[in-house]
Amino acid sequence: MKILVAVKQVAALDEDFEIRADGKDVDPDFLVRDLNEWDDYSLEEAMKIKESAATPVEVVAVCVGPDDADEALRKCLAKGADRAIRVWDDAIEGSDSIAIARLIAAVATREAPDLLFAGVQSSDHTFASTGIATAALLDWPHAAVVTSLTYTPGANTAVFRRELEGGVLHEMQIECPAVLTIQLGINTPRYASLRSIKQAAAKPIEELSLEDLGVAPGHVGESGSLSRVRRMYIPEKGRAEMIEGTVEEKAARLAQIIKDRAGSAP
Amino acid sequence: MSGILIIAEHRRGELRPVTLELVTAAQAARRAPSDKVTVAVISDEPAKFIPALSVGGVDEIVAVKVAAHEFEPDTYEAVVAALIEVRQPGLVLVPHSIDSFGYAAALAAKGRYGFATDVFRFEYQDDGLVATRGGYGQKVNVEVDFPGKDIVVLALRGNMFKPPEGAASPAVVDFPPPPVKSRVTGREFIEMSSADDVDMTTAEFILAIGRGIGEESNVEQFRVLADTVGATLGCSRPIADAGWLPKSRQIGQSGKTASACKLYVAMGISGAIQHLAGMKHVSTIVAVNSDAGASIFSIAKYGIVGDIFEISEALREHF
Numbered sequence: 699m700k701i702l703v704a705v706k707q708v709a710a711l712d713e714d715f716e717i718r719a720d721g722k723d724v725d726p727d728f729l730v731r732d733l734n735e736w737d738d739y740s741l742e743e744a745m746k747i748k749e750s751a752a753t754p755v756e757v758v759a760v761c762v763g764p765d766d767a768d769e770a771l772r773k774c775l776a777k778g779a780d781r782a783i784r785v786w787d788d789a790i791e792g793s794d795s796i797a798i799a800r801l802i803a804a805v806a807t808r809e810a811p812d813l814l815f816a817g818v819q820s821s822d823h824t825f826a827s828t829g830i831a832t833a834a835l836l837d838w839p840h841a842a843v844v845t846s847l848t849y850t851p852g853a854n855t856a857v858f859r860r861e862l863e864g865g866v867l868h869e870m871q872i873e874c875p876a877v878l879t880i881q882l883g884i885n886t887p888r889y890a891s892l893r894s895i896k897q898a899a900a901k902p903i904e905e906l907s908l909e910d911l912g913v914a915p916g917h918v919g920e921s922g923s924l925s926r927v928r929r930m931y932i933p934e935k936g937r938a939e940m941i942e943g944t945v946e947e948k949a950a951r952l953a954q955i956i957k958d959r960a961g962s963a964p
Numbered sequence: 006m007s008g009i010l011i012i013a014e015h016r017r018g019e020l021r022p023v024t025l026e027l028v029t030a031a032q033a034a035r036r037a038p039s040d041k042v043t044v045a046v047i048s049d050e051p052a053k054f055i056p057a058l059s060v061g062g063v064d065e066i067v068a069v070k071v072a073a074h075e076f077e078p079d080t081y082e083a084v085v086a087a088l089i090e091v092r093q094p095g096l097v098l099v100p101h102s103i104d105s106f107g108y109a110a111a112l113a114a115k116g117r118y119g120f121a122t123d124v125f126r127f128e129y130q131d132d133g134l135v136a137t138r139g140g141y142g143q144k145v146n147v148e149v150d151f152p153g154k155d156i157v158v159l160a161l162r163g164n165m166f167k168p169p170e171g172a173a174s175p176a177v178v179d180f181p182p183p184p185v186k187s188r189v190t191g192r193e194f195i196e197m198s199s200a201d202d203v204d205m206t207t208a209e210f211i212l213a214i215g216r217g218i219g220e221e222s223n224v225e226q227f228r229v230l231a232d233t234v235g236a237t238l239g240c241s242r243p244i245a246d247a248g249w250l251p252k253s254r255q256i257g258q259s260g261k262t263a264s265a266c267k268l269y270v271a272m273g274i275s276g277a278i279q280h281l282a283g284m285k286h287v288s289t290i291v292a293v294n295s296d297a298g299a300s301i302f303s304i305a306k307y308g309i310v311g312d313i314f315e316i317s318e319a320l321r322e323h324f
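Just so you know, the protein sequences line up as chains X and P, in that order. Numbering-wise, the first sequence is residues 699 to 964 according to my numbering. Numbering-wise, the second sequence is residues 6 to 324 according to my numbering.
Keep in mind the hints are simulated off the structure, nothing from the lab. Ideal Cβ placement from N, Cα and C applies to all residues, glycine included. You may find that some hints are simply not true.
[Claimed, not checked] Calculated cross-link-like contacts (lysine-lysine; reagent style BS3-like; alpha-carbon spacing at most 27 Å): (1) P/K144 / X/K722; (2) P/K70 / X/K935; (3) P/K70 / P/K115; (4) P/K154 / X/K722; (5) X/K957 / P/K285.
[Claimed, not checked] Far from chain P by the CB rule (all over 10 Å, computed), these chain X residues: (6) S795; (7) T807; (8) R808; (9) E861; (10) A938.
Just chain P, same shape as in the assembly (with noise of 0.2 Å):
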């Protein structure tokens, strides 16, 4: 069992730039000299994404041309099953990501691999590889091993390894796919899209509501609020799944990304990682929540232990 074997991820002809962030990550688990990385790409037109894949740490990549142009799951799953029967590598790495939810669990439950998900670092240790992932709302951090396992699948959080810098010349391999009958297809693509023609990627300024709020009659004021400090109106999932505020307004992996912006004030968000994957970015976060513990805390520069109600009355009259 040797190498490393990573699974690109693309959509709608892009590769996602997470598959490079595995790149990075693949490097600290080189035990070998000899132990190569390679990049696996499963398309209709896998030769597409080589230029993007050629980057420095891929020592090769393999083409895998299957039928489908999108993620399939049972197609993937097959795919990955044949590769490591082939390659037998002692580790796999893909993206925690909606595409991986669909079939990294299936892989691995059917070849009996070790197995861990949402992993944000990982070393190999004297007995073996050891991952680190979160548990309780990220309130605690959770080492697992793999005892008796010589081929592991980890599914790596995004945004906690930096892409890598500088193309490279990989060695380019096509790989036969399994036949596979695909028993989930894709029909099409649907932007979520409504009447509120928000765009939150370039709002420089936003303030974020969250459960907090309490009721949909609070969401007003906050409106209001929003307006008189010259704020964009964004909000946290719970908001938009009840329909309280537009899916448009929604920041988080989900939702969209604030990737303009420079000052965010979060009220009543507690921060759960799917939120927060959305704004940690963002160079000024200020929390204001009543529960001193709430995970958002860690990651603001600014924290305000109160009443979003109280805080945000007394905020109105400076302005």
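Pulled out of the complex, with its shape left as it was, chain X reads as follows (with noise of 0.2 Å):
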């Protein structure tokens, strides 16, 4: 039994930042990498599997990505994934999340897992699609934020439950080998010991190119994608009114609006 866990190195931004010369990104010197907040908890859900499991379960990481992806992945190698597996190539710059599902469900055909997990979406841009459409790439059944999961080994059927707006929850059975998007949540993630991250460090990274997988690079980047980025800017915000002073002013100014509250201040 295998699962696959689809995940990503997200870029947040320095405080400061600039637009890139072509308008089309942020300047890389102002981006701060890191393994995507969602894919902690997918990488959980798969550990617990494999942790509870009677028959030997393994968990694969697979990341589209260039070199400095590499980290996302030994983090997920330092808290507990078998194997771990990057796929780049330049023809891939560019690709939008369509693009991208088209590698990870290229692996996926290449893998055989039972079950795929991805992040509901990426804290950077959101797209909320690259899980569903690996789903749509490979035929298989698929279902988004998912917030618990029942599934044996080797069964051919999950049970999950998906969370809706407003707090409500749908409870759903799905068809397996499916792919499911993983919600924050769900469970509790684990922190990497320092010697399991020092172990991570050592491990093999599988390096898979565009040849390796049988995609033509004109199925990746722009020229494989739903979406082309036009231009990237700044948005002109709305901005509060600015309370300052010191500590105490501040808190006086906080005071005073509570109570003027209309009507029922205690």
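Using the hints, put the two standalone chains together into the complex.
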């Protein structure tokens, strides 16, 4: 039994940042990289299945990204993933989430897992579409925003709950193999120990090219995408009236706002 | 390729209000007077939703009678793909919602349609459709286009378009669904409840805490502060996920909406879009955050950059 966990090395912005000269992204010097927060939860969910199974379960992390994405995969290895795969080729630059899904689907075809987990979305671009597009390209059953999962390794079906708007859950049953996108809060992700971080640093990361996966360069990058970035810009934003002063002055003003509240101050 | 196709969203017998927001959004996408706005409703009883969908701006309702009572990803994907095949609309609009998360990307990937999610603005320019979405925690806007795509599927963010006013009498036609074997089937809905029976939707004054509180042992002092100032204590997602406060106190898209709230004091909440969905309508929002660049300051009425522990300690002195 095998679980493939698709992860992403996301980027957050420094407090001050500049848009790249071509106007289509942020200058990479101002990007801070990390493993996507949702992926901590999908990896943990895979580890929970692995650790409670009576039969061996292999957890494989896969990431599409350049060299520095190894960092995200090492984190997965440190937390207990058995293997890590990184897919890259310069032709992949400019891919949207659907082109990335094509690569993950190709890895899934090669690995033939019983389940594929992805985060609901990535914190940087929040497309919320890579996992479900991967399922479509594999023609696998799929479900999004899973907040609890009951699955016995080897079973033909899994039961899960998806988290709807307004604090309601929807329990559903899905045929396996399947793709599930995992929501924050489904579990409590573990921290990697120093020892396991050191061990992970020495583990190999398998690198796959487009050729290895049998994906034509025209099927990734802008030509393999369903959308193309035209322009990125810093929007004019509404701005709160900032309350300045010492801590005491700020607190006094806040107290006044609370006391002025229409009607019902205690 | 002409016309705009909207996919209605409904749950437990009720039309989801976001569907009507899509009707408003669609008006701006009419490029010729002949461009029709069609709403498709997929249900075991589609006729039930026709009155709610008969609003100004809808030219036609397509009723698709399927076996399932509630949303199923395979069913929606197959029906919408068949509708697109027959109707060849230039634009398909769905809400950027949990249900759409479950099938829209699959639909677009298989059909190779143009596709973008969480879109809050779009327009036709000389060289085609341009959609705008946020990036990097909403700190930038990103314009995307769809070169070579005659059919584009957009998932639109909620609460960006006002629902239309006034009734209309759109034509109603039936559409036979394609055969589909649903591999994902619904069992039941579960209301999240907990021993803590607070109702955030009726609270008028909420003091909400977020990741900025740091650790669980700090929750207590904010509970005391909320009591002292007469507020109901709420939180953002990370606090509920960590189990520091019950889920019933979570404000946001997947939690509760602060419907009755008039004053919202957000402490240590950066302002993820999902949190804002539950509170940005509140008339007086005060944000306290140590990060001057936090998104929450863009929707707050008042902002305080500072240490939430120092501010709250000083605040307590006034009550």
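Evaluation of the provided hints:
1. P/K144 / X/K722: Distance ~14 Å between P/K144 and X/K722 Cα, so the pair holds.
2. P/K70 / X/K935: violated, 44 Å
3. P/K70 / P/K115: Given pair P/K70, P/K115 holds - Cα atoms ~23 Å apart, limit 27 Å.
4. P/K154 / X/K722: holds, 20 Å
5. X/K957 / P/K285: Status holds; Cα separation ~21 Å.
6. S795: violated, 7 Å
7. T807: At roughly 15 Å from the nearest Cβ of chain P, X/T807 sits farther out than 10 Å, so the non-interface label holds.
8. R808: holds, 19 Å
9. E861: Not fine: 5 Å to the nearest Cβ puts X/E861 too close to chain P.
10. A938: violated, 3 Å
Hint check: violations occur at hints 2, 6, 9 and 10; the rest are consistent with the structure.
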